[in-house]
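*Asks:* Listed below, chain by chain, are the residues.
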Amino acid sequence: DIVMTQSPLSLPVTPGEPASISCRSSQSLLHSNGYNYFNWYLQKPGQPPHLLIYLSSKRASGVPDRFSASGSDTDSTLKISTVEAEDVGVYYCMQALQTPYTFGLGTKVEIK
Amino acid sequence: EVQLVESGGGSVQPGGSLRLSCAMSGFTFNSFEMNWVRQAPGKGLEWVSYISSNGITRYYADSVKGRFTIARDDAKNSLFLQMNSLRAEDTAVYYCARTMYAWGLLGGVGMDVWGQGTTVTVSS
Chain A
1 DIVMTQSPLS LPVTPGEPAS ISCRSSQSLL HSNGYNYFNW YLQKPGQPPH
51 LLIYLSSKRA SGVPDRFSAS GSDTDSTLKI STVEAEDVGV YYCMQALQTP
101 YTFGLGTKVE IK
Chain B
1001 EVQLVESGGG SVQPGGSLRL SCAMSGFTFN SFEMNWVRQA PGKGLEWVSY
1051 ISSNGITRYY ADSVKGRFTI ARDDAKNSLF LQMNSLRAED TAVYYCARTM
1101 YAWGLLGGVG MDVWGQGTTV TVSS
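Sequence order for the protein chains is A and B. In terms of our numbering, the first sequence has 45 at position 45, counting the first letter as 1, and numbering is strictly consecutive. Converting from the second sequence to our numbering requires adding 1000 to each position, the first position being numbered 1.
Incorrect hints may appear among the rest.
What the hints assert, rightly or not - Derived DSSO-like pairs (lysine-lysine); straight-line CA-CA distance at most 27 Å:
1) A/K44 / A/K108
2) A/K112 / B/K1043
3) A/K58 / A/K79
4) B/K1043 / A/K79
5) B/K1043 / A/K44
6) B/K1043 / A/K108
Just so you know, the hints here were simulated from the structure itself, not pulled from any lab data.
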């Protein structure tokens, strides 16, 4: 199984400041189509996960442009250009290349 | 509006069975591959099972293989998860999630629509 390793696991943030979360996969997530199959989700308290990023860098519909992601076939970094109070929650990376789909442990983002 | 609504959760003793359902609306169900994902209390996300759009191909996490069965009824726009021989470690919120596609690419690229989840508690 592909292991997804996130860091940090806890991230205190200040509204108006940038923030970033890293994710590393134990195997390449490069598909034969040239895309890296990293997804990023945000789970707010009491809610299901919400897709932010797919194919490593594509924002899902309705996701604010302050969210972006980039990386390689084994690494992905999610960046929030300017954190807002509503961005708190747990962020998960996921590999969608092959089953079993696997998630990172999650990064809890909270306001300082 | 695209919507997934899970039901069928509850409390059951170890060794018991439950059947989860996921009703969907707002999209053409039979065009989409579907998944079940679970989240144990205070823990992260664990993918459980996948079913192809035609229902022929099914995959399971090793942790549930041989005990859980995924199925779909396109006429009823519904997804199911039959859970047998339940264990305490199966206690979780179970989400159904739709496979997402990207223009020009074959196959899914993730999961884009999630239900609110249904809670399963396995305890004596």
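*Asks:* Against each hint, give a clear statement of whether it holds in the structure.
*Replies:* Each hint tested on the structure:
Taken as a hint, the A/K44 and A/K108 pair is honoured in the structure, with Cα atoms around 10 Å apart against an allowance of 27 Å. With a C-alpha separation of about 23 Å, the suggested pair A/K112 and B/K1043 falls inside the 27 Å cut-off, and the hint holds. Restraint check: the Cα-Cα separation between A/K58 and A/K79 comes to about 13 Å, which is no more than 27 Å; the hinted pair holds. Taking the CA atoms of B/K1043 and A/K79, the gap is near 23 Å; set against the 27 Å cutoff, the hint holds.
This hinted pair checks out: B/K1043 and A/K44 have alpha carbons roughly 14 Å apart, not beyond 27 Å. Restraint check for B/K1043 and A/K108: the C-alpha separation of about 12 Å stays at or below 27 Å, so the hint holds.
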